[in-house]
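> Line order of the protein sequences matches chains V and W. With the numbering used here applied, the first sequence closes on residue 681, and no number is skipped along the way. With the numbering used here applied, the second sequence closes on residue 161, and no number is skipped along the way.
Any given hint could be a false lead.
FRET-style restraints, in silico, Cβ to Cβ [what the hints assert, rightly or not]: (1) V:Leu-384 to W:Ala-48: 45 to 55 angstroms; (2) W:Val-67 to V:Gly-154: 14 to 24 angstroms; (3) W:Leu-19 to V:Leu-162: 40 to 50 angstroms; (4) W:Ser-65 to V:Pro-554: 52 to 62 angstroms; (5) V:Ser-565 to W:Ser-65: 16 to 26 angstroms; (6) W:Asp-105 to V:Ser-110: 30 to 40 angstroms; (7) W:Thr-104 to V:Pro-554: 30 to 40 angstroms; (8) V:Thr-527 to W:Pro-47: 28 to 38 angstroms.
To be clear, the hints were calculated from the coordinates, so they are not data collected in a lab. Each residue gets a CB set at the ideal place from its N, CA and C atoms; glycine is no exception.
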Amino acid sequence: MIANTALAGLMLALIALLYASAVILFKRSDDRWVESARRAVQSASLLVSLALGLFVYLLLTNRVEFAAVYRVTRSTMSAVTRLTALWGGQTGSLLFWTWLLGMVALVTASVSVSSDSRQQPWLLFFGLLPFAGFLFLVLFLDNPFSRWWLLADGSSLAAVFLPGDAVTVMQPADGIGLNPLLRHPAMVLHPPVLYLGFTIFALPFAQAMAGLMTGIWNRDVLASIRRSTLVGWFFLTLGLILGSRWAYDVLGWGGYWGWDPVEIAGLLPWLTSSAALHLLAIRSRTRRRDVLILGVVLLTFCLVILGSFLTRSGILTSVHTFADSPLSPALLVLFTGVSLVSLVIWILSMKCGEKDHKPGSLSFWNVILDGSAVVLILLLVICLVGLSVPVVGEWVTGRAMIVGPAYYRQATGPLWMLLLVLTALSPLFPRRIALRYESLRAPGIALLMAVAVGLLARGALALSSGEISVVMAMTMYLLLAFLAVREGRLTSPGSHKPRVRFIGVVLIHLGVFFFASGVAGMEGQETFQATLSPGERMTAGDYSIRLDDISRQPVDEYRNVTVASVSIYDRAPDAIHRIAEVYPGLEEDLVYEQVRALPGVASSVSRDIYVLFTAWNVNGSASLRVLVNPLANCLWIGGLLMAAGALVVMIPDVFRHRNDDDLNTIKKAGQTGVADNFPGS
Amino acid sequence: MSDNRSFPWKMVVGVVIILAALGILIVPSLQSGAQYYVTVDELLAEPARFQQETVRISGAVIGESIVWDPETDELLFIIASVPADLDIVAAQGGFQASLHQAVTDPSRARLTVHAYGSPPELLQDEVQAILTGRLGVDGIFQAEDILLKCPSRYQEEQPLG
Chain V
1 MIANTALAGL
11 MLALIALLYA
21 SAVILFKRSD
31 DRWVESARRA
41 VQSASLLVSL
51 ALGLFVYLLL
61 TNRVEFAAVY
71 RVTRSTMSAV
81 TRLTALWGGQ
91 TGSLLFWTWL
101 LGMVALVTAS
111 VSVSSDSRQQ
121 PWLLFFGLLP
131 FAGFLFLVLF
141 LDNPFSRWWL
151 LADGSSLAAV
161 FLPGDAVTVM
171 QPADGIGLNP
181 LLRHPAMVLH
191 PPVLYLGFTI
201 FALPFAQAMA
211 GLMTGIWNRD
221 VLASIRRSTL
231 VGWFFLTLGL
241 ILGSRWAYDV
251 LGWGGYWGWD
261 PVEIAGLLPW
271 LTSSAALHLL
281 AIRSRTRRRD
291 VLILGVVLLT
301 FCLVILGSFL
311 TRSGILTSVH
321 TFADSPLSPA
331 LLVLFTGVSL
341 VSLVIWILSM
351 KCGEKDHKPG
361 SLSFWNVILD
371 GSAVVLILLL
381 VICLVGLSVP
391 VVGEWVTGRA
401 MIVGPAYYRQ
411 ATGPLWMLLL
421 VLTALSPLFP
431 RRIALRYESL
441 RAPGIALLMA
451 VAVGLLARGA
461 LALSSGEISV
471 VMAMTMYLLL
481 AFLAVREGRL
491 TSPGSHKPRV
501 RFIGVVLIHL
511 GVFFFASGVA
521 GMEGQETFQA
531 TLSPGERMTA
541 GDYSIRLDDI
551 SRQPVDEYRN
561 VTVASVSIYD
571 RAPDAIHRIA
581 EVYPGLEEDL
591 VYEQVRALPG
601 VASSVSRDIY
611 VLFTAWNVNG
621 SASLRVLVNP
631 LANCLWIGGL
641 LMAAGALVVM
651 IPDVFRHRND
661 DDLNTIKKAG
671 QTGVADNFPG
681 S
Chain W
1 MSDNRSFPWK
11 MVVGVVIILA
21 ALGILIVPSL
31 QSGAQYYVTV
41 DELLAEPARF
51 QQETVRISGA
61 VIGESIVWDP
71 ETDELLFIIA
81 SVPADLDIVA
91 AQGGFQASLH
101 QAVTDPSRAR
111 LTVHAYGSPP
121 ELLQDEVQAI
131 LTGRLGVDGI
141 FQAEDILLKC
151 PSRYQEEQPL
161 G
């Protein structure tokens with residue numbers, strides 16, 4: 001009953017989306033037909049919501065006769081854990097992803113982003129397109145409502161409908177539960193936050209396509225695209241930070257980013273969305289530049305689809321990729337289709353349009369922001385080259401090839417440094433100051449003072465060159481911020497109200513500096529290993545580590561955990577000042593037949609002492625691996641600051657009054673869009 | 001006033017600079033960071049070659065061979081050859097089945113691996129190990145990096161009838 005209801009809902013939703021697509025392509029000039037299409041999209045979104053709700057119900061009630069539920073739940077799991085199991089497997093996560101795209105489509109169908117009636121149909125069309133594509137995958141390639149059927153020969157088969165030789169629906173005794181590596185608080189939030197970040201980019205994608213198709217956009221439309229891109233960027237930043245934290249806590253190597261292909265696939269849209277936000281920060285100078293920016297926005301969503309393909313197809317070697325999946329060919333087709341359509345429309349848009357007016361003189365502001373965007377795109381190119389080497393290299397040399405982290409670190413390192421320098425100069429420069437000698441005075445003085453601080457820091461503290469660079473860049477940034485405040489550039493013209501958006505931007509870039517500090521600090525990570533009996537000590541850099549006790553206890557019928565009590569002391573001559581007590585453990589999962597390390601971490605801003613219990617030996621001794629991670633917490637502080645800054649930037653938008661007069665755009669002479677060449681307009 | 005008919009020198013110079021920068025960054029990094037990705041069979045077919053260069057190799061871990069000496073912190077284990085071709089893997093019944101067959105089939109090529117450090121928690125029987133390192137003259141693979149394939153989130157476990 002539940003499955004049949006959900007399946008009917010999903011099928012009706014797909015039919016509604018196909019109907020809406022046809023209407024928009026052939027009848028978009030008639031408002032009544034467009035209204036009908038809008039309601040069809042709204043209905044489809046609600047039907048998929050119903051299907052998602054029913055699937056969650058199956059998870060909460062441990063209905064393991066459904067294959068997707070069987071693979072991620074177990075009777076001993078709590079309700080909260082069952083809820084998180086929604087994104088614990090491929091099938092559930094695909095349904096969740098599709099639902100999120102449905103919510104974006106609902107926004108395009110329900111909220112008037114542009115009062116120009118000619119844009120609305122295209123907004124609707126390009127909002128529903130990805131939704132329909134993924135809904136097709138859910139229905140026909142990876143259906144969450146497949147059941148286990150018992151076949152005549154005693155084997156089992158997962159299928160939506162009754163197989164010909166099936167005897168009955170099979171009721172397994174229990175499910176296999178979530179993979180032990182996924183049982184971590186960061187994993188509760190990382191997938192949904194990351195998926196939100198990815199799928200929200202479907203909205204600026206639809207907005208950009210609607211603009212390019214009609215040839216109509218103005219400052220408010222671009223501002224709207226900037227806002228939706230920022231929302232996606234906020235969630236994506238948070239999602240990447242949570243993923244790094246999960247890797248740090250769970251994978252047992254004390255690192256946070258391994259340049260894993262799937263990690264890189266998630267970074268790509270972050271790079272392009274960051275570039276788009278920098279480009280959109282500048283008031284439009286030329287129409288051609290606007291088309292270029294919209295191209296970056298389109299590229300962001302294309303990279304989201306690419307990331308989905310790379311993650312789910314198994315084409316790349318990664319700790320994250322999954323078994324070969326029937327979704328691979330379909331996702332590749334989806335990515336190719338979306339990319340080709342975007343590329344064609346973008347190229348046609350470059351040819352349409354009015355003649356550009358005189359662009360005006362270059363200012364520092366433009367150089368810094370455009371320069372930052374160019375550096376981010378270069379980083380994207382380097383990452384794409386690295387990802388494509390396995391495919392291209394094999395084709396050229398006849399042997400399988402791969403690139404490791406060394407390639408990415410070496411190739412991207414100088415560009416990250418350049419980005420830091422540009423960040424130090426932004427965003428507080430007077431906007432209209434042209435590129436002249438006189439305008440170099442303030443940054444020149446700030447640079448000299450930053451160098452002085454750097455030299456002092458090098459003399460007083462044992463910092464690495466990377467850390468010194470970050471200190472200098474942050475000093476310069478803060479000095480320029482102080483100057484901006486003193487010269488009144490942080491308040492709105494004619495009032496004393498602080499520019500809330502500016503404060504948010506300052507927070508974001510301070511977060512960048514903190515994160516860079518963490519990266520630089522972690523380069524100095526030290527590793528120590530020893531085997532200790534209870535009461536014995538080992539030295540780990542400036543610290544003394546003592547194993548106090550080992551104990552073993554069951555967690556539930558499927559899991560046991562062995563815990564070591566470890567005390568950490570200052571390595572003073574007598575080493576009696578205890579800094580912290582940590583409890584690293586070894587968790588044994590009897591169903592997955594897997595042992596995972598649970599690190600014990602003593603945290604402070606200056607360093608983490610990361611203790612891993614790697615083996616409990618037969619003679620009662622414990623093997624410990626201790627990592628001293630300088631400035632590790634600056635990574636998380638930086639990430640959270642960036643996210644918080646993005647929230648602050650969004651605040652004024654909540655209270656803004658939209659100027660509808662601007663949106664009642666009169667088509668200017670020579671201003672054309674790609675859709676002017678389409679039938680049905 | 002911009003002259004639309006003049007050659008866009010600024011753009012050309014900008015593009016050349018950007019391409020040059022990309023070339024300077026990418027080419028040397030590829031030379032040091034790109035590696036061949038081979039199977040155990042391919043490695044053993046050209047031992048001299050893979051003593052000269054760092055390579056990435058994949059194999060199925062034979063759990064009973066895992067030995068770790070906490071005194072010297074040396075780790076030894078044996079991997080069995082698994083096919084690289086996904087079509088062959090699919091024909092064998094998927095990744096889980098392919099790894100199982102590799103470990104249980106005595107005719108499969110095997111390679112002893114040596115590394116420093118305690119065994120990673122995921123180092124278990126029938127897990128796919130992806131190793132970076134070089135083949136030693138003694139025929140033992142010296143691993144600099146060990147990556148263990150995350151047990152699939154998409155379990156193909158079949159419930160018992």
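> Hint by hint, note whether the structure agrees.
Tested hints:
1. V:Leu-384 to W:Ala-48: 45 to 55 angstroms: Given about 35 angstroms between the Cβ atoms, the range is violated.
2. W:Val-67 to V:Gly-154: 14 to 24 angstroms: violated (40 angstroms)
3. W:Leu-19 to V:Leu-162: 40 to 50 angstroms: For V:Leu-162 against W:Leu-19, whose Cβ atoms are near 60 angstroms apart, the range 40 to 50 angstroms is violated.
4. W:Ser-65 to V:Pro-554: 52 to 62 angstroms: Roughly 30 angstroms apart at Cβ, these two residues miss the hinted range, so it is violated.
5. V:Ser-565 to W:Ser-65: 16 to 26 angstroms: violated (33 angstroms)
6. W:Asp-105 to V:Ser-110: 30 to 40 angstroms: violated (59 angstroms)
7. W:Thr-104 to V:Pro-554: 30 to 40 angstroms: holds (32 angstroms)
8. V:Thr-527 to W:Pro-47: 28 to 38 angstroms: For W:Pro-47 against V:Thr-527, whose Cβ atoms are near 31 angstroms apart, the range 28 to 38 angstroms holds.
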